[in-house]
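J.: If you read the sequences in order, they're chains L and X. So the first sequence is numbered by full-length UniProt numbering: it starts at 1 and just counts up by one. So the second sequence is numbered by full-length UniProt numbering: it starts at 1 and just counts up by one.
Don't read these hints as lab results, they were simulated from the structure. Don't take each hint at face value.
Computed list of chain L residues with no C-beta within reach of chain X, every gap over 12 Å [claimed, not checked]: (1) Gln25; (2) Asp51; (3) Ala95; (4) Thr96; (5) Gly138; (6) Asp186; (7) Arg195; (8) Phe251; (9) Arg273.
Some but not every residue of chain L turned toward chain X, in silico, with C-beta under 7 Å [to be verified]: (10) Asn158; (11) Pro187; (12) Ala191.
Virtual Cβ for every residue (Gly too), placed ideally from N, Cα, C.
There are 2 protein chains.
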Amino acid sequence: MSGGIGPERLSLNTATVREQWDLAQCIEGCARHGIAGISPWRDKLHEMGVDKAARAIRDAGLRVSGLCRGGWFTESGAINQAVIDDNTRAVDEAATLGADCLVMVVGGLPRGSKDLPRAWDLVEEGLARTLDHARKAGVKVAIEPLHPMYAADRACVNTMAHALDLCDRLGDGIGCAVDVYHVWWDPALAAQIERAGRDRLMAFHICDWLVPTRDLLTDRGMMGDGVIDIPHLRGLVETQGFEGLNEVEIFSDRDWWRRDPDEVLATVVERARTVC
Amino acid sequence: MSGGIGPERLSLNTATVREQWDLAQCIEGCARHGIAGISPWRDKLHEMGVDKAARAIRDAGLRVSGLCRGGWFTESGAINQAVIDDNTRAVDEAATLGADCLVMVVGGLPRGSKDLPRAWDLVEEGLARTLDHARKAGVKVAIEPLHPMYAADRACVNTMAHALDLCDRLGDGIGCAVDVYHVWWDPALAAQIERAGRDRLMAFHICDWLVPTRDLLTDRGMMGDGVIDIPHLRGLVETQGFEGLNEVEIFSDRDWWRRDPDEVLATVVERARTVC
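Pulled out of the complex, with its shape left as it was, chain L reads as follows (with noise of 0.2 Å):
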């Protein structure tokens, strides 16, 4: 598990270039610097069409470790129509490019509730809703779950112990995307990942958490800037027959989404080879 990663194992989440770089920009980039896959996000997705990025993401050889996101089942305090079908276009969105999983962040709090049993029940219809067309579509569901700091206004799952409750009811072809960023500070981390196994872990993302940090969304760290111990953690994923790809996802409006983007991605390839 130590000796670190070469960018043949590791993927790149759009986000973490989101300032700088277009979709078709970050493919290339990809291929640029020899990193095997790429994780797009749908506003990024969209802007490039879907079509003529699954075909050049193809062209250039990369894996697509997942697609971002699906979700945000809670906002109007009921499953509406308009949920279900953006959830349905984003599953044929990852069926369209192959990708491993359709990332899910499944949002916080209803607008002006304070009723957080009412919100996991919300986000376990929509997930469940969601699966029915994603099991035909052949797509895998991947539950995120979010750092606690986001439980009203982003995601309202945010243990592995609660996704893969969910998991269990909902039965197969869902699973989670273990965040290091989000879980690491989680004493039940280990069993739960055991508790996961191989089928139901479905992505990787690997940051990591400065001291101090500075804003709860955007003051995300490079691999070995903060403390996270990001070789463990992989271990542990990798120990229960993960395959997928390591994959980069931060965000930085102080630092990383300033720098020149060839820069941020030679970065990622030193520190995924050093400190992963």
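Use these hints to put chain X onto chain L, whose structure you have.
T.: Chain X alone, transformed into the frame defined by chain L:
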């Protein structure tokens, strides 16, 4: 559980007006607003002098819902005598004040370390050694699980489940301080409060989670201004027989720390009646 609470069931954590008032002013403020209790931070306590403060608090007829704080076991990477001595002094100060408990903020990762299990072990050792003295002094020790966003730099115990696992191993005289700000998001919370039971529920802290939260440390909200269902959480601890005060602890350098402290206390009293 509904209908709100009167000031005779409130305690003022001095952090709520820490920029405006010293401890003597906090004591007078509580008396003026009919707030039944106080929970001093140790810096303000030392500034006033422990014996003088204990006398003034007694003369004002206030209950001491807690002393903030002991702990901070991990920073140097070992449990050294200085840390034990400081916690011993904190225990003695809590005894002098007749505090309901000594609140423990256990510390994050050791400086330069990414080894979370090592930090957990240090915390357990530090608590065990402090507890020996606390039992003799008749002081209850309350582990405060902090929000996971503080795992690196303030406290690596971030859930009630983890705190109670420690309590199970450490035995009598140790329990939890439940601060709604730190634990409101946790899907295991209700079960863990039930697991804790009356004897291990030693403190209940209230404030609110703002959306958006603009700073990880100093952007807590006044009760009612955020998304936490405080009456529900209060109901959970009261169902277990908790009879302590509702301690108001608000870190707010953009808002409440800039206001007239009598306005802050009047707002606390009004919000306790209307939204807690």
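J.: So, for every hint listed, does it hold in this structure?
T.: Comparing the hints with the structure gives:
no. : hint   : verdict
1   : Gln25  : 30 Å, holds
2   : Asp51  : 37 Å, holds
3   : Ala95  : 31 Å, holds
4   : Thr96  : 34 Å, holds
5   : Gly138 : 31 Å, holds
6   : Asp186 : 7 Å, violated
7   : Arg195 : 15 Å, holds
8   : Phe251 : 15 Å, holds
9   : Arg273 : 18 Å, holds
10  : Asn158 : 6 Å, holds
11  : Pro187 : 5 Å, holds
12  : Ala191 : 12 Å, violated
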